[in-house]
Every structure is written in structure tokens, then in C-alpha cells.
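Enquirer: What follows is each chain in one-letter form.
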Amino acid sequence: MNLTLLMYLIPSLIMFGCGVYGFLTRKNMIAIMISLELMLNSIDINFVVFNRYLFPGQMEGMFFTLFAIAIAAAETALALAIIINVFRIAKDVDINKINKLKF
Amino acid sequence: MPLSYTIAVIAIPLLMFLFLGLVGVKMEKKLTGILGCIGMLVTTVLAYGVALTYFFGTGEGQVSAEGVRQAVTVFNPDWLSFSKTLVVRMGIMLDPIAAMMLIVITTVSMMVHLYSLGYMCDHHGHAEKGFQRYYAFLALFTFSMLGLVVATNLFQIFIFFEMVGVSSYLLIGFYYESPAAIHASKKAFIVTRLADLFFLVGILILSYYTQTFDFFGSDVNGIAGLLDNPQSSVAKAGATTFMGCSAMAWALTFIFIGGAGKSAMYPLHIWLPDAMEGPTPVSALIHAATMVVAGVYLVARLFPLYVIVQGAMDIICVVGAFTAFYAAAIACVQSDIKRALAFSTISQIAFMMTSLAVSSADGKLIEIHGGYGLGYMASMFHLFTHAMFKALLFLCAGAIIHAVHSNENDKMHGLHKYMPITSFAFLIGCLAIAGIPPFAGFWSKDEILVAAYEKGLGWGIWMSMVAGMTAFYMFRIYFLIFHWKKHEVHTEHEPSDQPWTMTLPLIILATISIVAGFVPAANLVTWDGAPLHTQLNWTVAGSSVLIACVGIGLAYKMYYKENTLPQRMADSCRGLWTAAYRRFYMDELYQFITHKVIFQGICKPIAKFDRAVIDGFFNMLAEVTNTVSFGIRKLQSGSIQGYVYVYFIGALLLAAVTAMFVIF
Amino acid sequence: MEIFNNPLIYFVIVPLLTLLGLALCSNKGIGAVRAVAVAGATVLVGLAGWLVYLFLQARGAGDTSEMLLRSDVVWYAPLNIKLALGVDGVSVVMIVLSAFIVFAGVFASWKMNPLPKQFFLWFYLLSTGVFGFFISIDLFTMFMFYEVALIPMYLLIGVWGSGNKNYSAMKLTLMLMGGSAFLMLGIIGIYFHSSTDGQLTMNILEIAHNDAIPHDWQLWLFPLTFIGFGVLGAMFPFHTWSPDGHASAPTAVSMLHAGVLMKLGGYGCFRIAIYLMPFAANELGWIFLTLTGISIVYGAFSACVQTDLKYINAYSSVSHCGMVLFAILMFNTTAMTGAVLQMLSHGLMTALFFALIGMIYGRTHTRDIRDMGGMMQIMPYLGVGYVIAGLASLGLPGLSGFVAEMTIFVGSYEHADVFHRVLTIAATCSIVITAVYILRVVGKLLFGAVQNEHHRELTDATWEERLSTATLIVCVAIIGCFPNFFVNIISDSFLPIVKALGAAI
Amino acid sequence: MESVGNIIMYFVIALSIIVFSVLTVTTRKILRSATYLLFVLFATAALYFQMDYPFLGAVQIAVYAGGIVVLFVFSILLTQRPGDDAAQLISTRRWLGAVAAIAGVGVTGYALFSYAKFCGKQLPAMGDIDMATLGHFLLSTDKWGYLLPFEAVSVLLLACIIGGVVIARRR
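Residue numbers (the numbering used here), protein chains in the order written: chain X, 1 to 103; chain W, 1001 to 1664; chain D, 2001 to 2505; chain P, 3001 to 3171.
Chain X extracted, bound-state conformation (with noise of 0.2 Å):
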């Protein structure tokens, strides 16, 4: 048996596909937040899995899973203050309760 691209592929798809359902599904921002991190996560493997296998040599998809990160790390902690900052005012974290700002 051999570890084949596809192997690695797969967990990575039904971890998407997750983080897809929970972005739609959730009504709290940071659950929803948390799906996005499944998807960021699925993506990162894939460009790792992608770069081992076919291009073992070089190193870009390593690296735009290294700058992913950071970017991802970024950007959640920004996420998250805001969300924390509306939890304030709102006193609530339900996106579907938070649309002051819609009309």
C-alpha cells in the first residue's frame, strides 16, 4: 500500500467541506470564525501535500502555507477584537442579531 496524493487530499476536502458547513450553518461569529480555520487549514495542507509531492524540491507552496498562517493568525486576532468590541455594544455574538449598520 502506498501513500498516495490522494490519500492526503481527501482528509483535507472533508475538512473543508466541514469548515464550509459550519461557516453557513453557525449563527455565533466565533464559530463561525472557527470554520474559516478549518478552511484556511484545508488549504494549507493541500499547498504543503501539493509542493511535497510534485515539486519536492522547491519550497513555494511551504512558504505560502508559512505566510498563510501568519496572515490567519492575523487576521483572527483582528476578527476576534472586533467581534469582542460588537459583543459590547451588541451584548451578543448572534450574527443574524447584529444589523444595526444594514439599511
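Hints were generated in silico from the structure; no laboratory data involved. Bear in mind the structure is a predicted one, so any value in this text is a computation, not a measurement. Hints are not guaranteed to be accurate.
Derived BS3-like pairs: lysine-lysine, alpha-carbon spacing no greater than 27 Å straight-line [unchecked claim]: (1) D:K2499 <-> W:K1084; (2) X:K97 <-> W:K1634; (3) X:K27 <-> P:K3121; (4) W:K1608 <-> W:K1596; (5) W:K1634 <-> X:K27; (6) W:K1485 <-> W:K1417; (7) W:K1129 <-> W:K1030; (8) D:K2111 <-> W:K1604; (9) X:K97 <-> P:K3143; (10) W:K1608 <-> D:K2499; (11) W:K1411 <-> W:K1557; (12) W:K1596 <-> W:K1486; (13) W:K1557 <-> W:K1417; (14) D:K2111 <-> D:K2028; (15) W:K1485 <-> W:K1604; (16) P:K3121 <-> X:K91.
Label pairs and their in silico Cβ distance ranges [what the hints assert, rightly or not]: (17) P:I3007 <-> W:G1638: 43 to 51 Å; (18) D:F2192 <-> X:L54: 30 to 38 Å; (19) W:Q1591 <-> D:G2163: 31 to 39 Å; (20) W:M1027 <-> D:F2004: 47 to 55 Å; (21) D:A2039 <-> W:E1623: 44 to 52 Å; (22) W:M1660 <-> P:I3007: 46 to 54 Å.
Chain X is nowhere near these chain W residues, computed Cβ spacing over 10 Å in every case [as the list claims (entries may be wrong)]: (23) K1026; (24) S1629; (25) I1640.
Even glycine gets a Cβ: it sits at the ideal position worked out from N, Cα and C.
Here the structure of chain X is known, so what remains is to put chains W, D and P in place on it, guided by the hints.
Expert: Leaving out everything else, chains W, D and P in the frame of chain X:
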């Protein structure tokens, strides 16, 4: 120019109108009336001077070598230039009929001005409300009518047609608080306006082909006028035909319709009886003597064209003859004195129209110089005499109405004892209109009958019959008012002859009615200016006097003393009598057409269509935009998950499609 | 600067200075506002008189150039947009008309309430647009001033209007803006075909002389521009803004709108649509001629059954303005002269009508003729004014309406084509229908018994109202009595247009 | 042929990724959700190690597992009252989400499987990446150098820090 002071004849009434209209309102009522009378008196004197100078003077350009009176254009400035050739000028032109009309208009107008001083006051001699306005309007009317008759071109006639129409509207509606007066004035204006529309279309057609409005060309533009050479004018428009008639025939017919509206020819007569809602002197001036003959004057003015275009003449002839009879028949049963006189006026004007139209009876006569001028002369002569005695009759009627405060015959009866002067004046008027020699009407009507007999025996007999009816209905009115039975006094004071301001005009007009027949009209008022040699046709004259006497006798028998004969006769043909009394339901017909067809059937649907369909369409555009906008707004929900969902599905579809392309 | 030597520019500068003056006035107290507004209007009337003098003098001295008092200032060089000024006879009379109506309008809105200062500000901004439109001969500048004249209308109706004012203001503005959208497309199209040698231009004279617009483009651009202006000229079926708009607008705005703004439509139609695209005008003229013919009769019939005074006049305007466009489409000097006379006449007498209606409405607080009657006894001055306006409208000789209508009818009938002449005869029918609705409203409103006893306590016109109406009545009478003076000024202006039309067949 | 240890390792990683991913998005307790995310991130880190990218695995653990998840936990604790359950989801919403997710997985999976040959590639051999090389690449301006993104990210992080401070500061 010896006649240049004619402009004063026109200008004084206009200035009087402006003065009385703008300043007079602030002045003492009686004073404005007296000022009006003085102004009118000056005008009258000047007009007589002009007319006499024209008829008997031998000034330059007035009479040609053959003794033919020429039309004199006193002045003729441009007023409105449509194009290089089509120019409307406002001028003064004198020819026999214009000069005659000057006399008619100023005389009657003078009498009415004077008469109104008394009539427009209540019994205590206080002037009525709006006295100044009344005199202003009278001046306006006089101005318009004078402007009309001295017109140098067709368009000027049209302009003053409109002006007299408006003055008539204002004067009929003088008592603007009474609904009947408003209604009558509106009706008069709209009916004549409708006729004017045809007049306008006629002018448009005519001017399109002849490229001129002027009757006579002048040195200024070098373009021949309409009447300089009628044959060529007709030839210009003769070639073009539309529905079988030449353009000229259409034009002349339309112009006649315009005249028929003013002259109350059937079926455009309906406004005239209602116009009697105006003050009686106004009826005498406008609706008996002057404005209503404007149509006759118009046809007479264009007579050289009409004689060539036989088709148009035939229409005039038929309309005139029918109207004469129709109106006479209605006049026989009317109970309102002014209405009866109004129908009598219609009938008499129709006489004039017919007389004009029978002039060209025989094609051969056109060749023979002067052969067909008899009817024309007769018509103008009758216009003159009729104006005098009809004004007299109306003024008498006014005096009577002023005395008994009613228009209805059954409030009058037996007034001879109380108002002898009025009675005599009225009798003279009746004799004149009935055609009893030596009163004025005899001479003119006789000529008309001769002309009609010349056209054909049938026409002659028909007109003689109508003449007989005229005698009958006039004396019916006379006997019913002044005899029939003893007068029952309805008001607090007995009726009596009116003050001198009202009686004097009666006497003057009665005198004119007696002597006017001896005016040598045949020498003065002919279509081409050349004297016409006529002699009394004793057969026609004798028979018409006989017929008139029969009519009078019949009226005497039926109406001199109270009896039941008229009632029995009315009962015996109840349907006919009612129909005649209701004026053969013409008013109802018009009412139906205007209200049911035009107002309810056209105007209302159009107004609804406008609001519902056209406005609805634009509102719908707005509505659709609004709806779509609100629909689209929902997509902008602000829900991030919704956006992602849509985005994700879209991306998936795109991926699926791409995948398919790549894989297969 | 060179341009300040041109008297025309002052027709824009004076309203702008008046705007400035008004802006400096205090918000409280109406006296200063009135003084500034009256001063501005008086200066404008004086300027208009001076312009007529200059014009007659130039023409009298034998200057036969198409446009007088020309001057060009480059505005935006890359697109060759210039502030091109110039007037011919038509512009001169339109400017005079506008000046008089602004003058009368100021007095008609003497007691404007609330916010008089702001009202006059917008009022003068509108005037600026109107005057600017008439003095400029550059497409871009004209369009700009056109928009300047349109936009204030929204606020003037929306803020100072009556009745269903928001709806009307919105409807009026949207429809006119829709029209100007068409117009802008047309103008851009004209611009890009304005010349064959690559030097594109916005100047009307140059475009007309280049005669470079290809025929197939003309067939597209002509309807766009004609409809664009036709909407403003209340052409059937784009007239529906007019009844609602007029009904809601305050008096002076109705006056200015019906009196001047609607004239922009007719003016633009011949100055831009017909003059620049004579081929398409000949080809497609009959379509618009039919529409305008419908307008004339349709508007008149609709007016017969209205009960609101302003609606009657709005529909009557549809009929009369239809006549303007109708005559313009007859393509001969006489009819086109008639069209301009009709613009003058309609401008003055509709302004008079709206002024009187505003004054009556201000007293009775109703415009429904069924609720009124016998006004002649109560307010004779206004009553007489109304009768004169009515008589002018139905074409009494001696007042302006007659002269204009007759010139139109005679000119239209001179057209050799049978179709045109039949339409002319159909259009003449409107003189009867006009008489019907005018007499109907005069009879119901002024004559008869007093319907409402409270109306007996109403007063007659005040001095400023008398001044406002008398100005207009005198103008109407002057045109009606001395038409040749105006015809002589106007008619030569159409020679180039008629020549272009003749050459393009 | 892979070593059995590697294969077992793979299955452990794959299963934990799948199971914990699903649990992350299905659990109704938000704190648990964050915990499961932590497990997913650990599994991912393990995967990186297996791929012979130890540095990346270390970064994953340090930044993600160590930083972000802690942030999550803190913010959950700040916004959530203890014992709060997420509200029951509306079923239509759940179904729609599921459909979208499954469709996405389906489409992508289909694409993957239709490239089975390509996907069946074996793990090629790769030399060790030492930290020196990595550092050179990160800070070089040569063709494969990443100095610019590196600096960009550092500026981003700075901006992020400032932004976080500004946003979270109590006014």
C-alpha cells in the same frame, strides 16, 4: 384724400371703449352714458358725412368715366405679414355697401345709445349696475362692426367677425348673474365660433390658391386682389377639385357657412333666439340690425366670386329659402315677444341671403351687364330698410318690456290704450315688415320677390308665401300685444309710454321706416357700382301686397279680439304646433350632440384615457422601477452567510462546468 | 475680459448677482428679499429692452449675419467646448418674454411663505438657466443651462407647492430628466458627427454649416433630440407631467414653468433637432406632426371636462404648446414665425392665467370650479383679468393668441402637401374647443350666483397683484395689436433653417 | 512501499482530521468546538511532520494551536456565559449548509478521482531542509527569495497589533 377722416368714424368708438372701460368705471354712471352718446353722435355725423360724400361726391377716384362708383381705399397699412404676398392689412375701404352699412350701423347704434339712457335705468331713474360697462361694450361693438364693414381684405373681415362675436358675447351676458344669460352668451359665442372655424378654413383655402386676402389690389404690392378680376381668382383655384367640387367652391361654401353662423341661417340659427337674454337695446342693435347681417354682408362682399361659382350660390339659395320659411313658421307660434321678433329677424335675413343667391340664377345673365344685379341690390336695400324697422320693433318691444316687466305675450294684451306712441311706432314697423306700401319694407321686399321670380316661378311663389307669413306673424304679435283683451295691471303702476330718451328713437326710426323706401337704392347700392335701372314690376308688387293683406286680415280675424280660434287651431294640429313652438327640436338636437356626444362621448373618455392609460403608463414605469428596486434590495441582505452561500454555489457551478470541459 | 463686453452675458450675471444679493439677505424679514428680487427683475427687463434696441440697431444697420452679438470663450479645450454666445430674433423675443415673466413672477410671489429668501434663490437660479439657454449657441452650454433650469423646479414644487406636491415634483422632475437623458444621447451623437475633418465642435452654427451628420445617424439622433425637447414642450404622449406639475406648483413657478420653461422645448426643437438634422426632419417630421396634431385636439378636449382651474390650464397648455411644435414641423417661415409668436403669446397668457389662479386660490383656498361662482361680483379686477386672459387664449383679435394662431394656421396651410393641410384643418378645430372650455370656466367661475357665502368677504387684488397682472395684460395686448413689430424681428431668423430644410430633401 | 508505521500514522492523522473536523462544526458547545479545532490543528501539524516539513509543523503548533486557539478560547470566555448552548439550528438552514458542503465535496472529489492517475503519485524522496536554507530564502531578494512578502507580513502583523489595540480599547 377727402375721405381720410373716415378713420375717425372707426377710431372714436374704439377710444370711447377704452376710455369708458378703463376710466369710466370710476365715473358717475349717467355721465358715462351721456359721454357715450356724445361720442356716438359725433361718429354718426362723421359717418353720414363720409357716406354722403362717397355717394354724391365726385372726388378723385370715386367715380369712373362710365359713371361707375369705384371702391375707395382710404388707407391700408400692413398689420401682420404672414409672407411676402400674404399680408393682413388693417384698412378702410369705401364702396357702396360699406358706405350704406356705415349709415345703418351708426344710425341704429346712435338710437340704441340714446334709448339705453332710459332703458338701462329702473323706474326711479337710477342707472343699473354695470351701466358704464354697458356703454363701453356698446362702443366696442360699434367699433368692431364699423371695422368689419370697411374692411379692405377678407382677413380683416374675419378679425372683426371675431370682435363682433366677442362684443355680442359680452353684451348678451351683460346680466352675468343670471344663468340663462350666461348660457345664452356661451351658446351664441360657441355656435358663431364654430361657423367662424369654417370661415377660417375657407380663407385658408382661398388664400392658398390666390395668395392674397385683399379684395382689391393696391399700388403698394402690385398683386391683384380677389375681386379685381374675379374670373382669374376663380380660375386659380378652379382647377383643383376635391370631392367633385373645385377648391374655390369649397372655399366659398365654407366662407358662406361662416357668414351663416353670424346671420343665423339654419341650422346655425339656434343661438339667436337665446341671445334675447341680453338687454333689449342690445338685441335691437346687434341681433336685429347689424351683427346678424354680417353674414349677408360677407356674401355680398364676395359676390363677384360667388356669381361665378354657381354651386356655392345654389347652396346659399336653398339654405336661405328654407331658413326663411322655417323661421317664419316658428315665429307664428312663439309666445315670447323677443323670441318671435328674433325668428322674424332670421326669416328676414334669410330673405336677404336668398335674394343674393338668386342673383346669379341664369348663367346667361352673367354675360349681360347688370342683368343679375337686381337681387344683390334688393338684398342690400332690404338690409338697410330691415335694419331700421327691425330696430324700431325691438326698441318698441323694449319699451313694452320695460313697462310690463315681462317678455311673455299673455302679460301684455291691450296696451294700445296705455302706450299710444309705442303702439303707433310698432304698427309702422309691422306695416313696413309686412310690405305694405309706402312703407320701407314694401320697396325692398318687392325687389327681392322680383329677383326670385326671375330665377324661377317656384322660388318666387315660395318667397311670396313666406312674405305672407311674415305679415301674419307680425300682426299676430301686434294684435296680441296691443289689443286682444283689456290689460290686466300686474305691477304696482300702470304701463305707459316711456321717457323721451326712449320714445325719441322710436319716433326717429318710425319716420325712417316710412320714408326709407324712397331712397334711390338702385342708383346707389349695386354690386359693380354702376346705377341699375329698375322699375316697379306691378304684377309682383300687386300680388305681394295682396298676399300681405291676406296675412294681415287673417291675423286680424284671429287675434284682434279675444277668441278661441287660435286655441282651436292649435289643438287641431297639436303635434305640429308643439313642434313649431319648440322650434322643431333643434335645440334639443344640439344639446344632445354637445352634451351627450361631445362632452360625454369624447371629452370625458379622453380625459379618462389621459389619466388612466397615458399617465398610467408613466406611473407604471415608475411603479415597476420601484418594485424591481425593492426586489433587488432584498439581495443586499447584509447576511455574510447568505453572500457566502451564493458565492460558494456559484463557485461550485463554475468549477463543475470547468471540470466538465477539462475532463471531457 | 473680452466676454464682459458682450451684453448677453449680463443676462446670466444679473440673476447670479441677484442670487448673491439674496444670499446676503437676512433670513428674517421679507423686505430686503423683496427689494433685491424686484431690483433683479427690473434690471433684467431693462436689459431685455436694451437688447431689443441693440438688435434692431444691428439689423437696421444691415447686419444680416445669422447670430448677432457673438462671442466665444473656450471653456474646455480638449472637447472644444466653448461658452458661445449669440442671439437671433427668436432668442431676443424669448429673452424679452422671460424677463417680463420673471418680473411678473416676482410680484406674484410677493407674499411667499414660508422661506421667502430660499424661494427667490431657487427662482433666480431657474431664471439663470432659462436666460443662459437662450443666449448660448453651444450644445454643451445649452444643455448645461437647460439642466440648471430644470433642477430647481423639483425643490420649488416640492417645498413650496400645494396638494400632492411630492408626487408631482417627483413626476415632473423624473419625466423631464428622462427627456434630458434622450437629449444628452442626441447631443453626444451630434457632437461625434459634427464635423468631417476631425475638429469636432459643439457650436450649433458650425455644426449646421458643416452639415456633416450622416443621414442614417440623423434618423436616430433626430427623434432623440426632438423627444428630449418635446417632453418639455408637453408633446403627446409625454405631457402627463404638466397637469400634475402645474397643479401643485406655487404661482410664480407655474408662471415661469408654463411661461418660459416649456418654451425651451419648442426653442430647442427647431434650434437643435431641426436645424442640425434637416434630412431626418424631412423624413420623420410627419410622425411628430401627427403626435403634435393629436396634442392640440386632445389637450383641448381634455381641458373641457376638468374641474380644477390649474388642470384646465395645464391641458390648455398641452394644446397650445402642441401648436408650437406643430407649426415648427411645418418647415416654412410663416408657420415657424407663428410658432414663436405662439410661444410668446402662450407664455404671457398662461403666466397671466396662473397668476390669476394663484391669486384666486390664495383667497378661496379651492381651485375646484364647482365650488366657486360669481367671482366677478367679489373680485372684479381679477375677474376682468381672467376674462381677458381667457379671450386671449381663445384667440380674440387684438390680443396675442389670435395673431399667433392665425400665423400658424395660414403658414401651415401654405404647406403644399395634402397631409399637412388636412392636419392643419384638424388643428384649426381646436379654436372652437378652446372657446368651449374657456367659456365654460369663465361662466362657472366668474359669472352666475355666488356659490359660497363666505366668498363674499374676500377682497380684490392688492397693488402688487395688479402690477403683476397688468404687466402681462399689457404685453399680451401689445403683441396682439402690433404683431408686425415682432414678426419682423422673428421671421428672418428662420431663413437659414428653412434653407437647410429645403436643401436636405 | 511505505513503512507500516507511516501508514498507521497516516490513518491516525487522517481519521482524527476527519472526525474532529466534523465534531468541530456539529457540536453545540462553542468551547468544545474550539477544543476540537485544536485537535484538528494538531493533526495537521502531525501531517506536516510526516511530510518532512518540521519547521512548518512547528509553526503550525506554535502559531495556530498555541496562539489562535488560545485567542478563541479567551474570546469565547469573554462573550459566552458558562453552560450556554448554541441555539438549535433551523433545519432548512442546516440542510442548505449540508447540501452546499456535500455538493462542494462531491464536485471537488469527483474532480480528484477523475485525475486518479495523477493523484496516485507516490511520495518522492526529498532531502532535508535545514533552517539555514530556509532563513536564506525568507530573507533573500533573489529569484526565489521571500523578503518582500516577509516584510509585508510583518507590516501586516504590526498593523494588526495596532488595530487590535485600537478596536479593543475601551472608549
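Enquirer: Against each hint, give a clear statement of whether it holds in the structure.
Expert: Hints versus structure:
Only pairs whose Cα atoms come within 27 Å are accepted, and K2499 of chain D paired with K1084 of chain W is accepted, the gap being roughly 16 Å. Taking the CA atoms of K97 of chain X and K1634 of chain W, the gap is about 17 Å. The hint holds against a cut of 27 Å. With a C-alpha separation of about 41 Å, the suggested pairing of K27 of chain X with K3121 of chain P is violated against the 27 Å cut-off. A threshold of 27 Å between alpha carbons decides the hint, and for K1608 of chain W with K1596 of chain W the separation of about 16 Å falls inside it, so the pair holds.
Between K1634 of chain W and K27 of chain X the alpha-carbon distance is near 20 Å, which keeps this suggested pair within the 27 Å criterion. This hinted pair checks out: K1485 of chain W and K1417 of chain W have alpha carbons roughly 11 Å apart, not beyond 27 Å. Pair hint K1129 of chain W plus K1030 of chain W holds up; C-alpha atoms about 11 Å apart against a cutoff of 27 Å. A C-alpha spacing of about 37 Å is found between K2111 of chain D and K1604 of chain W, which places the hinted pair above 27 Å, so the restraint is violated.
Restraint check for K97 of chain X and K3143 of chain P: the C-alpha separation of about 49 Å exceeds 27 Å, so the hint is violated. A threshold of 27 Å between alpha carbons decides the hint, and for K1608 of chain W with K2499 of chain D the separation of about 43 Å lies outside it, so the pair is violated. A C-alpha spacing of about 21 Å is found between K1411 of chain W and K1557 of chain W, which places the hinted pair at or below 27 Å, so the restraint holds. For the hint linking K1596 of chain W to K1486 of chain W, the alpha-carbon distance of about 46 Å lies beyond 27 Å, and the restraint is violated.
For the proposed pair K1557 of chain W and K1417 of chain W, the alpha carbon gap of about 20 Å is at most 27 Å, so the pair holds. For the hint pairing K2111 of chain D with K2028 of chain D, the CA-to-CA distance comes to about 14 Å; that is within 27 Å, so the pair holds. Our distance criterion of 27 Å between C-alpha atoms is broken by K1485 of chain W and K1604 of chain W, whose separation comes to about 53 Å. A C-alpha spacing of about 52 Å is found between K3121 of chain P and K91 of chain X, which places the hinted pair above 27 Å, so the restraint is violated.
For I3007 of chain P and G1638 of chain W, the hinted distance range of 43 to 51 Å is satisfied, since their beta carbons lie about 49 Å from each other. For the pair F2192 of chain D and L54 of chain X, the beta carbons lie near 55 Å from each other, so the given range of 30 to 38 Å is not met. Here the CB-CB span from Q1591 of chain W to G2163 of chain D is close to 35 Å, well matched to the stated 31 to 39 Å. The supplied range of 47 to 55 Å is met by M1027 of chain W and F2004 of chain D, whose beta-carbon atoms lie about 53 Å from each other.
One distance hint, 44 to 52 Å for the beta-carbon pair A2039 of chain D and E1623 of chain W, holds here, with the actual separation near 46 Å. Checked against the hint of 46 to 54 Å, the C-beta distance between M1660 of chain W and I3007 of chain P comes to roughly 35 Å, which is inconsistent with it. The Cβ of K1026 of chain W sits about 67 Å from the closest Cβ of chain X, beyond the 10 Å cut-off, so the non-interface label holds. Taking the minimum C-beta to C-beta distance to chain X, about 13 Å, the non-interface status of S1629 of chain W holds against the 10 Å cut.
A Cβ of chain X approaches the Cβ of I1640 of chain W within 10 Å, the least distance being about 7 Å, so the stated non-interface status is violated.
When the structure is compared with the earlier hints, violations turn up for hints 3, 8, 9, 10, 12, 15, 16, 18, 22 and 25 and for no others.
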